[in-house]
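Q: Chain order of the listed sequences is A and B.
Counting in my numbering, the first sequence runs from 266 upward without gaps.
Counting in my numbering, the second sequence runs from 125 upward without gaps.
Simulated from the structure, these hints should not be mistaken for lab results.
Using N, Cα and C, we set each Cβ at its ideal position, and we do this for glycine too.
Don't take every hint at face value.
Unchecked claim - Cross-link-like lysine-lysine pairs, in silico, BS3-like; alpha carbons within 25 Å at most:
(1) Lys422(A) with Lys310(B)
(2) Lys426(A) with Lys310(B)
(3) Lys184(B) with Lys312(A)
Said to hold, decoys possible - Which bits of chain A does chain B cover? Going by a derived footprint, with three or more residues having C-beta under 8 Å, they are:
(4) 405-412
(5) 660-673
Take a look at the letters that make up each chain.
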Amino acid sequence: MGQTITQKILARHAGRDRVAPGDNIWVDVDTLMTHDVCGPPTIGIFKREFGEDAKVWDPDKLVILPDHYIFTEDPHARRNIEILRAFAAEHDLKHYFDVGTSRYKGVCHVALAEEGFNRPGTVLFGTDSHSCTSGAFGMFSTGVGNTDAALIMGTGKIWVKVPETMRFVFEGTLPPWLMAKDLILSVIGDIGFEGGTYRALEFDGEAVFDLSMEERMTLTNMAIEAGGKNGIIAADQKTEDYVRARTDMPYELVASDQDARYIFEKVYDVSTMEPVVAKPHRPDNRATVSEVAGTKLDRAYIGSCTGGKYEDFLAAANVLEGERVQVDTFVVPASTEVSKQLREKTLNGKTLWQVFLDAGCKMGHASCGACLGGPVDTFGRTHGTEVVISTTNRNFPGRMGSKQSAVYLASPLTVAASAIHGVITDPRAVLA
Amino acid sequence: MKDRIEGKAYVLGDSIDTDQIIPAAHLVYSMTEPDERRMYGRYACSGVPNDQAGLPEGGKPMTDPEAWTSEYTVVIAGSNFGCGSSREHAPFALQVAGIEAVVATSYARIFYRNAVDGGFVVPFESRERLVEEIRTGDDIIIDVPAGTLTHVASGTTHLLNPLGDVADILRAGNVFEYARQAGFIK
């Protein structure tokens, strides 16, 4: 019996030839990532358990990317940045990306890719549930809490239960009105938001390998929204090209065996799929855009680790160019690199940044922004009964701030098309 | 982990995500400084929509707005409890509020792991759905070695799934103590 890519990577990091789903193993960690929300308590637990003067197991493998509560006056949030800064200085961490400096990056999952920390065959843990995003690079990555992160910080090891794998094969050619967000919202709608609990979600098929790295990250990012432990896509030439352009660190190409065992398999023909949304208040509450078209909106939001990458904005800009938004539309680049590209790259002679400004969008600074609500002064946060269409990844009650607001999740194309009409709008209506 | 957990039940529905258990705006507080730490008890489950807070009637906050801890000891919930973000602040907030155990039909993976590895609350799985059977405020007794939950008012006893491998971590107190006892760390 063969093994899946997830099994193989975990086995290699446990010093074994093979592992089986259900095995509890201790693995060696290649990269530990934390941020401003979970970093300070992780540091607190690390010091409590290993001592005030304890050393990080390998300072070069610890990446700290403050990104959540950056552009806020909240004194506690600012204090938490100070804790990260002091810890980075104390341990001489070269991978600390400080706020208020040219090193500041923005959303951790996007920055991990941009800065070359995502490498095929490696194992990454992050104190954020969307750490599964990195699986787009043919690696094992998952989210953990502060306690587990502190254990890794001190030892470089953590216990893992080897997951079963579900395989999703996307065949055919993606039509221009569909994006990776439509594919993953369809998967979550099909299997339910606990359909992947404790499992690896492996994405395969020609339509997946036709996607750019950024779009692949949208797929793996939302594995957690089906309860998944990790999302994963085997590395190919595109992956290698992306990684080689950003790091000299070694990596290893790993693929599932032909006779690997999957607990579930589903094949999609992308040429027949439709644009979809997740209706309030669950990411698996899927409907086709045509089913909810005409729903009145108060706000649109384009941003986050899943919907705030360069190509997300390029897609939205193609719809917004020459148009005016009819509802408040917030644009929040995931990273400073994305922000830079929006100011440099052009569409019909205008920078993308200018396209958004001319369409009447409100432009924010690179960060997690209002994806998770956050402090009351967060840009784009809801405070009342707003109905929002958003490129983000969660729509639980209160996720974007107010418990009374209602969030529809959709692709950047669908969000942009809806923004210019003030009601949920099928992107096919504006791309035609 | 105690052998016997008893107190009042606080009943919630399905898919209670970590934003409902502790809204993101509150994640800024220190988890160790006493003046800030207690805020997690005050705001535990404050993100649950009012009509869903304390079933069946709703409208019952886990912790009174002026209080620091809750009058409830055991959370009773449906499926996929703790889904969403990986914030360890969620099981921590329940613990600070005074919750000792959660009894749900299923859990999201990271919440379950955080509850166990940090030793915050004991996450039991019930074999049957108890959300419609138990009312917020009812007295509950959990016999941990026997793996049973008794609803005092009706006298009925329900089976809980065995804790399995994680029982060792819960008995040790947290993953650090477990790893020391097992010889993985010093």
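Q: All the hints need checking, so say for each whether the structure fits it.
A: We went through each hint and held it up to the structure:
Taken as a hint, the Lys422(A) and Lys310(B) pair is honoured in the structure, with Cα atoms around 13 Å apart against an allowance of 25 Å. As the CA atoms of Lys426(A) and Lys310(B) are separated by approximately 23 Å, the hinted pair is consistent with the 25 Å bound. Pair hint Lys184(B) plus Lys312(A) does not hold up; C-alpha atoms about 38 Å apart against a cutoff of 25 Å. Look at the region 405-412 of chain A against chain B: 5 of its residues bring a Cβ nearer than 8 Å to a Cβ of that chain, three or more, so the hint holds.
For the region 660-673 of chain A, the stated coverage by chain B is satisfied: 6 residues place a CB nearer than 8 Å to a CB of that chain, which reaches the threshold of 3.
This entry does not satisfy hint 3, going by the numbered hints stated previously; all others are met.
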